[in-house]
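A.B. asks: As a plain string of letters, each chain reads:
2 protein chains.
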Amino acid sequence: MFRNFKLVSRMVFGRGAFNQLDDILAAQRPPSGGGMIFLLDTVFAGSALESRIPRRSGDRIICVDVTDEPKTAEVDRLTAEAKAHGDTVGGISGVIGIGGGSTMDLAKAVSLMLANPGSAADYQGWDLIREPAVYHVGIPTLAGTGAEVSRTTVLTGPKKKLGINSDHTVFDQIVLDPELLAGVPADQRFYTGMDCYIHCIESLEGTYLNAFSKAYGEKALDLCRQVFLTPGPDSDDQLMMASYCGGMSIAYSQVGVCHAMSYGLSFVLGTHHGIGNCIAFNQLEAFYPEGVAEFKQMMRRHDIALPTGITRDISPDQMETMIDVALILEPLWENALGPNWRDQMSRERIAELYQRM
Amino acid sequence: MFRNFKLVSRMVFGRGAFNQLDDILAAQRPPSGGGMIFLLDTVFAGSALESRIPRRSGDRIICVDVTDEPKTAEVDRLTAEAKAHGDTVGGISGVIGIGGGSTMDLAKAVSLMLANPGSAADYQGWDLIREPAVYHVGIPTLAGTGAEVSRTTVLTGPKKKLGINSDHTVFDQIVLDPELLAGVPADQRFYTGMDCYIHCIESLEGTYLNAFSKAYGEKALDLCRQVFLTPGPDSDDQLMMASYCGGMSIAYSQVGVCHAMSYGLSFVLGTHHGIGNCIAFNQLEAFYPEGVAEFKQMMRRHDIALPTGITRDISPDQMETMIDVALILEPLWENALGPNWRDQMSRERIAELYQRM
Numbered sequence: 001m002f003r004n005f006k007l008v009s010r011m012v013f014g015r016g017a018f019n020q021l022d023d024i025l026a027a028q029r030p031p032s033g034g035g036m037i038f039l040l041d042t043v044f045a046g047s048a049l050e051s052r053i054p055r056r057s058g059d060r061i062i063c064v065d066v067t068d069e070p071k072t073a074e075v076d077r078l079t080a081e082a083k084a085h086g087d088t089v090g091g092i093s094g095v096i097g098i099g100g101g102s103t104m105d106l107a108k109a110v111s112l113m114l115a116n117p118g119s120a121a122d123y124q125g126w127d128l129i130r131e132p133a134v135y136h137v138g139i140p141t142l143a144g145t146g147a148e149v150s151r152t153t154v155l156t157g158p159k160k161k162l163g164i165n166s167d168h169t170v171f172d173q174i175v176l177d178p179e180l181l182a183g184v185p186a187d188q189r190f191y192t193g194m195d196c197y198i199h200c201i202e203s204l205e206g207t208y209l210n211a212f213s214k215a216y217g218e219k220a221l222d223l224c225r226q227v228f229l230t231p232g233p234d235s236d237d238q239l240m241m242a243s244y245c246g247g248m249s250i251a252y253s254q255v256g257v258c259h260a261m262s263y264g265l266s267f268v269l270g271t272h273h274g275i276g277n278c279i280a281f282n283q284l285e286a287f288y289p290e291g292v293a294e295f296k297q298m299m300r301r302h303d304i305a306l307p308t309g310i311t312r313d314i315s316p317d318q319m320e321t322m323i324d325v326a327l328i329l330e331p332l333w334e335n336a337l338g339p340n341w342r343d344q345m346s347r348e349r350i351a352e353l354y355q356r357m
Numbered sequence: 358m359f360r361n362f363k364l365v366s367r368m369v370f371g372r373g374a375f376n377q378l379d380d381i382l383a384a385q386r387p388p389s390g391g392g393m394i395f396l397l398d399t400v401f402a403g404s405a406l407e408s409r410i411p412r413r414s415g416d417r418i419i420c421v422d423v424t425d426e427p428k429t430a431e432v433d434r435l436t437a438e439a440k441a442h443g444d445t446v447g448g449i450s451g452v453i454g455i456g457g458g459s460t461m462d463l464a465k466a467v468s469l470m471l472a473n474p475g476s477a478a479d480y481q482g483w484d485l486i487r488e489p490a491v492y493h494v495g496i497p498t499l500a501g502t503g504a505e506v507s508r509t510t511v512l513t514g515p516k517k518k519l520g521i522n523s524d525h526t527v528f529d530q531i532v533l534d535p536e537l538l539a540g541v542p543a544d545q546r547f548y549t550g551m552d553c554y555i556h557c558i559e560s561l562e563g564t565y566l567n568a569f570s571k572a573y574g575e576k577a578l579d580l581c582r583q584v585f586l587t588p589g590p591d592s593d594d595q596l597m598m599a600s601y602c603g604g605m606s607i608a609y610s611q612v613g614v615c616h617a618m619s620y621g622l623s624f625v626l627g628t629h630h631g632i633g634n635c636i637a638f639n640q641l642e643a644f645y646p647e648g649v650a651e652f653k654q655m656m657r658r659h660d661i662a663l664p665t666g667i668t669r670d671i672s673p674d675q676m677e678t679m680i681d682v683a684l685i686l687e688p689l690w691e692n693a694l695g696p697n698w699r700d701q702m703s704r705e706r707i708a709e710l711y712q713r714m
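Which chain is which? The protein sequence lines are A and B, in order.
Using the working numbering, the first residue of the first sequence is number 1, and each one after it goes up by one.
Using the working numbering, the first residue of the second sequence is number 358, and each one after it goes up by one.
One thing to keep in mind: the hints can contain errors.
In silico negatives: residues of chain A with every beta carbon more than 12 angstroms from chain B [to be verified]:
{"hint": "1", "residue": "Ser-32"}
{"hint": "2", "residue": "Gln-318"}
{"hint": "3", "residue": "Glu-330"}
{"hint": "4", "residue": "Glu-334"}
In silico lysine-lysine, DSS-like type, Cα no more than 25 angstroms apart, as pairs [as the list claims (entries may be wrong)]:
{"hint": "5", "chain 1": "A", "residue 1": "Lys-71", "chain 2": "A", "residue 2": "Lys-160"}
{"hint": "6", "chain 1": "B", "residue 1": "Lys-516", "chain 2": "B", "residue 2": "Lys-428"}
{"hint": "7", "chain 1": "A", "residue 1": "Lys-6", "chain 2": "A", "residue 2": "Lys-214"}
{"hint": "8", "chain 1": "A", "residue 1": "Lys-296", "chain 2": "A", "residue 2": "Lys-214"}
{"hint": "9", "chain 1": "B", "residue 1": "Lys-653", "chain 2": "B", "residue 2": "Lys-571"}
{"hint": "10", "chain 1": "A", "residue 1": "Lys-214", "chain 2": "B", "residue 2": "Lys-571"}
{"hint": "11", "chain 1": "B", "residue 1": "Lys-571", "chain 2": "B", "residue 2": "Lys-428"}
{"hint": "12", "chain 1": "A", "residue 1": "Lys-6", "chain 2": "B", "residue 2": "Lys-363"}
{"hint": "13", "chain 1": "B", "residue 1": "Lys-571", "chain 2": "A", "residue 2": "Lys-6"}
{"hint": "14", "chain 1": "B", "residue 1": "Lys-440", "chain 2": "B", "residue 2": "Lys-428"}
{"hint": "15", "chain 1": "A", "residue 1": "Lys-159", "chain 2": "A", "residue 2": "Lys-71"}
{"hint": "16", "chain 1": "B", "residue 1": "Lys-363", "chain 2": "A", "residue 2": "Lys-214"}
Computed Cβ-Cβ distance ranges for the label pairs, DEER-style [claimed, not checked]:
{"hint": "17", "chain 1": "A", "residue 1": "Gly-46", "chain 2": "B", "residue 2": "Gln-385", "range": "44 to 50 angstroms"}
{"hint": "18", "chain 1": "A", "residue 1": "Arg-3", "chain 2": "B", "residue 2": "Glu-687", "range": "38 to 44 angstroms"}
{"hint": "19", "chain 1": "A", "residue 1": "Arg-52", "chain 2": "B", "residue 2": "Lys-363", "range": "20 to 26 angstroms"}
{"hint": "20", "chain 1": "A", "residue 1": "Tyr-208", "chain 2": "B", "residue 2": "Pro-489", "range": "33 to 39 angstroms"}
{"hint": "21", "chain 1": "B", "residue 1": "Glu-687", "chain 2": "A", "residue 2": "Lys-296", "range": "47 to 53 angstroms"}
{"hint": "22", "chain 1": "A", "residue 1": "Lys-160", "chain 2": "B", "residue 2": "Pro-489", "range": "39 to 45 angstroms"}
If you're looking for bench data, these hints aren't it; they were derived computationally from the structure.
No residue lacks a Cβ here, since even glycine has one placed at the ideal position from N, Cα and C.
Based on the sequences and whatever the hints tell you, model everything.
C.D. replies: See the structure below:
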C-alpha cells in the first residue's frame with residue numbers, strides 16, 4: 001500500500017504574495033460573521049509585518065512565543081483563547097500562522113483543536129483526529145522545515161515529543177513569499193535551512209525511497225547547495241522552494257539517524273529542532289560521510305560555530321531518556337540502516353555519539 | 358498578483374498503486390447509492406487493465422475513442438450518457454479517467470458538465486465554470502502531457518481549440534502507477550514524453566519564470582534527459598514524475614512558440630498534440646537552438662521518423678486559419694519573445710515555418 005498523499009489545497013508563490021492575503025481570506029469569511037485568528041511569532045510584535053496583516057472586524061492577532069518548541073499545553077491554552085474570542089464574534093473562520101516551523105505547527109494544532117474535543121495530547125500519534133480542522137493558512141517567515149506542506153504538527157506533550165499526524169493537519173492554503181525571509185538572523189537561517197539539507201541527505205541515502213520522493217529530494221538538495229555554497233540574489237526564493245520540495249519528498253521517504261538523535265536532544269535538553277539536527281549531524285560522518293563533509297563546508301562558508309559539550313552535564317537518567325526517545329523512532333533507523341538496524345545501533349553506540357555532542 | 362494555485366487534492370504514486378483504486382473510491386461512494394463512471398481509452402477495451410477496474414454495483418465503464426482529440430460535442434454526448442445512467446442508479450458519484458491526456462481531459466470535462474448546465478463549448482475560456490465538478494480521478498497510462506495536474510481540459514469546439522480553465526477542473530485524486538506505462542507503443546511514448554520536454558524548454562527559456570516554476574521545470578527536464586538519453590529500469594517511474602513536475606511548472610510559467618504553432622496544426626489538420634509539438638519543435642532552431650539540437654539527438658536515439666510535408670497540400674485559407682490560431686495565443690508569444698514579440702513574428706514568418714513542417 002502506498003500512501004494516498006493529501007496535498008495543500010492552494011498555494012501562492014512570489015515576492016510580495018503576502019499582499020494578497022486579504023483577498024485570499026475574503027473568500028473564506030462567512031457572510032454571517034466570525035473572525036480570523038492570526039498566530040504571529042512574537043519576534044514580529046510591533047513590526048512592519050504585523051501592521052500589514054489584513055485584520056478585519058472580528059479578527060484577532062495572538063502573538064506566540066516560540067522560544068521553546070510547541071507544547072500540547074500551549075496548544076490547549078491558545079485553543080481556549082481562540083474559542084473565547086470566537087464566542088464574542090460569532091465563531092472562528094480560520095487560523096493563520098505567520099512565523100517559522102513552530103508557529104506553523106501551532107497554527108495547525110489550534111485549527112485541529114478548535115474542531116476536536118479534549119487536549120492536543122490526546123491526538124499525538126497517527127490518524128487519531130476525527131473532525132476536519134477549521135480553515136488554516138501557513139505563511140512561513142523561515143524556510144527549511146517543510147512544515148508548510150507536511151501532515152504533522154510536532155508537539156512536546158507530558159510524555160512524548162510526537163506529531164499529530166493526520167490528513168486534516170495539512171494546510172488549506174500556503175502563502176510562500178520569499179520577501180518574508182529578509183531579516184532572519186544568519187545563524188537561525190542556517191540552522192533552519194540545514195533541516196532541509198539534512199532531511200534530503202537522510203531520505204536520499206535511505207532505503208525507503210521511490211521516484212516521487214527522489215525527484216523532490218534531489219531538487220531540494222540541489223537548491224540547498226546553491227543557497228549555501230553559491231548564494232545569489234535569488235537565494236531566498238530558492239530556499240523557500242527547497243523547503244517546499246524537501247517537505248514533499250517526505251511523502252514516500254523517511255528521515256534517518258540525525259533526526260532520531262535530534263529528537264532525543266530536543267526532548268531532554270529542549271534543543272530546537274534546527275540547531276539540534278546540526279549538532280547531531282556534525283557527529284555522523286560514519287553514517288553520512290559525504291553529506292557531513294559538505295555540511296562542514298557550508299558551516300565554514302557561513303561562519304557558523306555550533307555549541308559544543310551540550311550533553312556534558314546530563315545525568316545518567318537523562319542519557320537513558322535521550323536514548324529511549326531516539327530508539328522509539330524505529331522507522332527512521334530502519335530507513336537509514338535497513339531491517340537489521342538493531343545489529344548496528346546498540347544503546348552504547350548511541351550514548352557514545354551523544355557524548356560527543 | 359500571483360496565481361493562487363489549486364493543487365490536486367490527493368495523489369498516490371507507486372508501482373501497483375492502481376490496485377488501491379477500490380479502497381480510494383470506497384470513501385467517495387455515498388451510502389445512498391450512486392455509481393461511478395469509468396472513462397477508459399478504447400485501446401484498453403477487453404484488456405487485463407479493464408478487468409482490474411474495481412467496478413461495483415451501479416458503476417459503468419464507457420470506452421472513449423481518442424483517435425481524434427477531444428471535442429466539445431463528444432463531451433456533451435458523454436455527459437448525456439452519464440446522466441442517463443445516473444438516472445437509473447441514483448446519481449453519479451464520480452468520474453474516473455483511465456488513459457492518456459485526451460482521456461484525462463474528457464474525464465475532467467464530463468465531471469464539470471455533470472454539475473454545470475449547457476454545452477462544454479459555453480465554458481471554453483477562463484473561469485467560466487460556476488459549480489464544482491463531481492468527484493473526479495485521473496489515472497494516466499501515458500506520461501508527458503501534465504494533464505494529471507493542470508487546471509485545464511483542452512477541447513476543440515465549433516469555433517476554437519481552447520481549454521476549460523478553472524480551479525474546478527483540477528482532479529480530486531490522481532493515481533500515478535508507473536506500471537501502467539508498460540506496453541505503450543514506442544513512438545506514442547516518445548511524442549507524449551516530448552510534450553513534457555518541449556514544455557520545459559519553452560518555460561525555462563521564457564520570460565515568465567519564477568523560482569517555483571524553475572525548480573519544477575529543471576527537475577522535469579533533468580528526468581526527461583535521463584529517460585530519453587540514458588534510459589534505465591526506472592525510466593517509467595521517472596517519466597511519470599517528469600510529467601507531474603512539468604505540469605506543476607506551468608503554475609507560474611507559460612509555454613512558447615512551439616505550443617502556439619502546434620495548436621494551429623491541431624486545429625486545421627487534426628494533428629495530435631504530442632506529435633504536433635514534435636513536428637513544430639523540429640523547425641524551431643532559431644528560437645530554441647540547444648533544445649532543438651538535444652531533441653534531434655533524442656529522436657535519433659529512439660529511431661523516430663517524423664512525418665514531413667504535412668502542410669504541403671493545405672489551401673491558402675487553411676494556412677491563414679493556422680496562423681490565426683497560433684497568433685491568438687498572445688501570452689505564449691510574449692513569454693517566448695518578450696513584450697515586443699510582434700516585431701519578430703510576422704504572419705509571413707509563421708507561414709514560412711508552417712511550410713517547412
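A.B. asks: Work down the list of hints and note, for each, if the structure agrees.
C.D. replies: Checked hints:
Every Cβ of chain B is farther than 12 angstroms from the Cβ of Ser-32(A); the closest lies at roughly 21 angstroms, confirming the non-interface assignment. At roughly 41 angstroms from the closest C-beta of chain B, the C-beta of Gln-318(A) stays outside 12 angstroms, upholding its exclusion from the interface. Every CB of chain B is more than 12 angstroms from the CB of Glu-330(A) (nearest about 22 angstroms), matching its label as outside the interface. The non-interface label for Glu-334(A) is consistent with chain B: the shortest C-beta to C-beta separation is roughly 18 angstroms, beyond 12 angstroms.
For the hint pairing Lys-71(A) with Lys-160(A), the CA-to-CA distance comes to about 10 angstroms; that is within 25 angstroms, so the pair holds. With a C-alpha separation of about 11 angstroms, the suggested pairing of Lys-516(B) with Lys-428(B) holds against the 25 angstroms cut-off. Note on Lys-6(A) and Lys-214(A): the hinted pairing holds, with a Cα-Cα distance of about 18 angstroms set against a maximum of 25 angstroms. A distance of roughly 24 angstroms separates the Cα atoms of Lys-296(A) and Lys-214(A); the hinted pair therefore holds under the 25 angstroms criterion.
With a CA separation close to 24 angstroms, the supplied pair Lys-653(B) and Lys-571(B) stays within the 25 angstroms bound. Between Lys-214(A) and Lys-571(B) the alpha-carbon distance is near 18 angstroms, which keeps this suggested pair within the 25 angstroms criterion. Distance check on the hinted pair: Lys-571(B) and Lys-428(B) sit about 32 angstroms apart at the alpha-carbon level, beyond 25 angstroms; violated. Of the pairs offered as hints, the one joining Lys-6(A) and Lys-363(B) holds, with about 13 angstroms between alpha carbons and a cut-off of 25 angstroms not exceeded.
The suggested pairing of Lys-571(B) with Lys-6(A) holds, with an alpha-carbon distance near 24 angstroms, which does not exceed 25 angstroms. For the suggested pair Lys-440(B) and Lys-428(B), the alpha carbons sit about 18 angstroms apart, so the restraint of at most 25 angstroms is met. Of the pairs offered as hints, the one joining Lys-159(A) and Lys-71(A) holds, with about 11 angstroms between alpha carbons and a cut-off of 25 angstroms not exceeded. At most 25 angstroms may separate the alpha-carbon atoms for a hinted pair to count; Lys-363(B) and Lys-214(A) meet this at roughly 24 angstroms.
The hint said 44 to 50 angstroms for the Cβ distance between Gly-46(A) and Gln-385(B), and at roughly 48 angstroms that hint holds. The given range of 38 to 44 angstroms is respected by Arg-3(A) and Glu-687(B), whose C-beta atoms sit roughly 42 angstroms from each other. Checking the proposed 20 to 26 angstroms range against Arg-52(A) and Lys-363(B) shows it holds: the Cβ atoms sit about 25 angstroms from each other. Look at Tyr-208(A) against Pro-489(B): about 36 angstroms separates their beta carbons, and that is inside 33 to 39 angstroms.
Between Glu-687(B) and Lys-296(A) the beta carbon distance is about 51 angstroms. The supplied range of 47 to 53 angstroms therefore holds. Separation of Lys-160(A) from Pro-489(B) is about 40 angstroms and conforms to the stated range, judged on CB atoms against 39 to 45 angstroms.
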